[in-house]
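Chemist: These protein sequences, in sequence, are chains A and B.
The opening position of the first sequence corresponds to residue 19 in the numbering used here, with each subsequent residue numbered one higher.
The opening position of the second sequence corresponds to residue 32 in the numbering used here, with each subsequent residue numbered one higher.
Mixed in with the good hints, there may be bad ones.
[Unchecked claim] Within a straight-line C-alpha distance of at most 20 Å, the following computed SDA-like cross-link-like pairs (lysine to any residue) qualify:
1) LYS149(A) / ASP217(A)
2) LYS110(A) / LYS168(B)
3) LYS168(B) / PHE70(A)
[Unchecked claim] To spell it out: a stretch of chain A is covered by chain B in this simulated footprint if at least three of its residues, at any positions, have a beta carbon under 8 Å from a beta carbon of chain B; those stretches are:
4) 93-104
5) 108-114
6) 169-175
7) 204-216
[Said to hold, decoys possible] Which chain A residues stay away from chain B? Per the calculated CB distances, all over 12 Å, these:
8) GLY26
9) THR46
10) PRO55
11) GLY87
12) ALA163
13) GLU179
14) GLU195
15) SER230
16) ILE235
17) GLU246
18) GLN257
19) ILE263
20) ARG264
Bear in mind the hints are in silico, worked out from the structure with no lab data behind them.
Glycine is no exception: its CB is placed at the ideal position from the N, C-alpha and C atoms.
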Amino acid sequence: MTLLSIRGVSKRFGGLQAVNDLSFDVATGSIKALIGPNGAGKTTIFNLISGFLPPDSGEIVFGGAEIHGMSSCQVATRGMVRTFQHIRLFPKMTVLENIMVGRHVHSRAGFLAGMLNLPFTWGEERRIREKSFEIMELLGIVAHAGTEAISLAYGQQRVVEIGRALACEPKLLLLDEPAAGLNMRETNEMGGLISRIRDMGVTVLLVEHDMSLVMKISDEVVVVSYGEKIAEDRPLSIQKNREVIRVYLGDDA
Amino acid sequence: MARRYLPIAAFAGLIVAIQLATLFSGTAYYLTQLTMTAYYSLVIVGLCMLIGYAGQISLGHAGFFAIGGYVTAFLTTCNLNLHPGVIVSLLGKSGALVARPDAYGGSLLTVHPWLACAAAILLTVVIAYLVGGPVLKLKGHYLAMATLGFGIIVYRMVLGTEFLGAADGITDVPGFPLLPGVLITGNSSARVSNYYLAWGLVILGMVLLLNLIHSRVGRALAAVHGAEDAAGAMGIPTARYKLNTFVLSAVFAALAGVLLTHYNGGIGPSEASVMKSVRYVAIVAIGGMANLWGALSMSLVLNYLSLRGYFGTYDDAVFGLILILIMLFAPDGLLRRHLFSDLKRAISRNPVEEEAP
Chain A
19 MTLLSIRGVS
29 KRFGGLQAVN
39 DLSFDVATGS
49 IKALIGPNGA
59 GKTTIFNLIS
69 GFLPPDSGEI
79 VFGGAEIHGM
89 SSCQVATRGM
99 VRTFQHIRLF
109 PKMTVLENIM
119 VGRHVHSRAG
129 FLAGMLNLPF
139 TWGEERRIRE
149 KSFEIMELLG
159 IVAHAGTEAI
169 SLAYGQQRVV
179 EIGRALACEP
189 KLLLLDEPAA
199 GLNMRETNEM
209 GGLISRIRDM
219 GVTVLLVEHD
229 MSLVMKISDE
239 VVVVSYGEKI
249 AEDRPLSIQK
259 NREVIRVYLG
269 DDA
Chain B
32 MARRYLPIAA
42 FAGLIVAIQL
52 ATLFSGTAYY
62 LTQLTMTAYY
72 SLVIVGLCML
82 IGYAGQISLG
92 HAGFFAIGGY
102 VTAFLTTCNL
112 NLHPGVIVSL
122 LGKSGALVAR
132 PDAYGGSLLT
142 VHPWLACAAA
152 ILLTVVIAYL
162 VGGPVLKLKG
172 HYLAMATLGF
182 GIIVYRMVLG
192 TEFLGAADGI
202 TDVPGFPLLP
212 GVLITGNSSA
222 RVSNYYLAWG
232 LVILGMVLLL
242 NLIHSRVGRA
252 LAAVHGAEDA
262 AGAMGIPTAR
272 YKLNTFVLSA
282 VFAALAGVLL
292 THYNGGIGPS
302 EASVMKSVRY
312 VAIVAIGGMA
322 NLWGALSMSL
332 VLNYLSLRGY
342 FGTYDDAVFG
352 LILILIMLFA
362 PDGLLRRHLF
372 SDLKRAISRN
382 PVEEEAP
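Using the sequences and the hints, build the whole thing.
Modeler: Here is the structure:
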């Protein structure tokens, strides 16, 4: 089963063809990694998929519906949530509050209900809290529930950001360099966490530079260079792919 | 829950204490300015919601205040006897009009204040949506300038419109019969009841806003304020939430305009002036931006001092100066959560060591 399908997507910034006629699929329940040298257009691809940028041409189909041209908010409502390369937690809010924001799409109290503190919101708030604590327990960050999120150590901020995304109960989780800035132990833990997330039934698409992590956890890998796909295969085959080696190490290697 | 409503009770106690103090010191005439302060405070807390919690500036809220005040003033003073027609007779039959004698013994037929108030709020909502939609796409000082432009337009329009009294404004606005036996009016005989009525409305407004802050929407607004793109990626419709908050704060301002106009018995173009908008922003800023209680307490003190004339001819200058000083030295506001710990740190010599766990 295909959850996400990228079909002939292109994006140009002025004179730069950032993404060129790119196509690949993400199968339901898999971990797929998107790799490539710096400037290959990986983050642009993420932005196109998650509705942060509209593609110039091509189709993006998610869960059977075309989502290209939708806003990031609409895409999130449909069950696709992302994290950011540079962590974007909500400042002045605790870890608990950050994760509670993730429950937004699964709750409905609006302005009027909020102002009047209508009884139906009480139960809703309680369920938001319970679910958020469930997620913090899963991630082992309950002890930090009341701490301001951006005052945590970098590695833990990443975990909180993933927790916030998980609170949305996404079908597809996009992780933009989840191991960036993490030490080796933290990277290992992150790998374990991503695998566990997949085992929970969440499909994962990640951009990552740490090759040992990518090779260990991914079911499939897509390699892009200068905005074009040059390979798509299982991790072991990718490691032996001549074109991939050439792109990463140069012609003489 | 108790943490949210306990300060409300304390504030209500303060309001009672102030009234008792004026009673025993024989200074009941202070209550007039204190009542006016209450209505201005409604603008302030609504604006505080917009600036502090949704993170959007508005330098045009005096415009919304004036729209509310002028609509109700016009509708409750325009003599419909002079404009007979189908609509007027229909309105008359449905009980939406009131007849009363005018100052010269003639008869006056005007729109009922409740209907006028509803019209004022409705018009404000429409204008706020029309203005806010495009304007809230701007950020920072572009947004400030666009809202400033809106305020100037309203000011020049009321100043240049003949039927709104031009530079004189509109006078002889009747009282507002809010409930049977409860009249919003500046008559000294109703001074105490109007004082409690006005502050009661402020407290009601505070309850609504405090509830909102602690709700799902309040969390979403804080998220939009903190990291807008990430909030959008969590499925929060950021543009709609900002717009709704803008309209909400505009309604607070317009309602204050309506009520104060009935209390004062009139409104003039100075209520729409840019310096009024600057004053509102200055009070929110000194109150600590994202601090409803700070904004309210600063509004109580500063509006009262201003209305009693303590700042003399420097009235506008004082608020301009406050805004400059706050922006320079305390951009997070004077009254805020970590004020005391920040002060302690500033006084102690080893700020870094204190931070270490």
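Chemist: Quick one: work out the minimum CB distance from THR46(A) to chain B and report holds if it exceeds 12 Å, violated otherwise.
Modeler: Correct as stated: the minimum Cβ-Cβ distance to chain B is 21 Å, above 12 Å.
Chemist: Would the hint linking LYS149(A) and ASP217(A) be met if the CA-CA limit is 20 Å?
Modeler: holds, 19 Å
Chemist: Is ARG264(A) truly not at the interface, in the sense that its beta carbon sits beyond 12 Å from all beta carbons of chain B?
Modeler: Non-interface label stands for ARG264(A): nearest chain B Cβ at 35 Å, farther than 12 Å.
Chemist: Any Cβ of chain B at or closer than 12 Å to ILE263(A), or is the non-interface label fine?
Modeler: At roughly 35 Å from the nearest Cβ of chain B, ILE263(A) sits farther out than 12 Å, so the non-interface label holds.
Chemist: PRO55(A) clear of chain B by more than 12 Å, beta carbon to beta carbon?
Modeler: holds, 26 Å
Chemist: For the pair we were handed, LYS168(B) and PHE70(A), check the Cα-Cα distance against 20 Å.
Modeler: Within the cut-off at roughly 16 Å; holds.
Chemist: If we take the beta carbon of SER230(A), is the closest beta carbon in chain B still more than 12 Å away?
Modeler: The claim stands: SER230(A) keeps its Cβ more than 12 Å from every Cβ of chain B (closest is about 28 Å).
Chemist: Any Cβ of chain B at or closer than 12 Å to ILE235(A), or is the non-interface label fine?
Modeler: Non-interface label on ILE235(A) holds, nearest chain B Cβ at 23 Å vs cutoff 12 Å.
Chemist: Are LYS110(A) and LYS168(B) close enough, with their CA atoms no more than 20 Å apart?
Modeler: Distance of about 24 Å is beyond 20 Å: violated.
Chemist: For GLU246(A), is the shortest CB-to-CB distance to chain B above 12 Å, so the non-interface label stands?
Modeler: Given that every Cβ of chain B is farther than 12 Å from that of GLU246(A), nearest at about 26 Å, it holds.
Chemist: Count the residues of the stretch 204-216 of chain A whose CB lies closer than 8 Å to any CB of chain B, then report whether that count reaches three.
Modeler: violated (count 0)
Chemist: Test coverage of the stretch 108-114 of chain A by chain B using CB-CB distances below 8 Å; three residues minimum.
Modeler: holds (count 4)
Against the hints set out earlier in the document, violations occur for numbers 2, 6, 7, 13.
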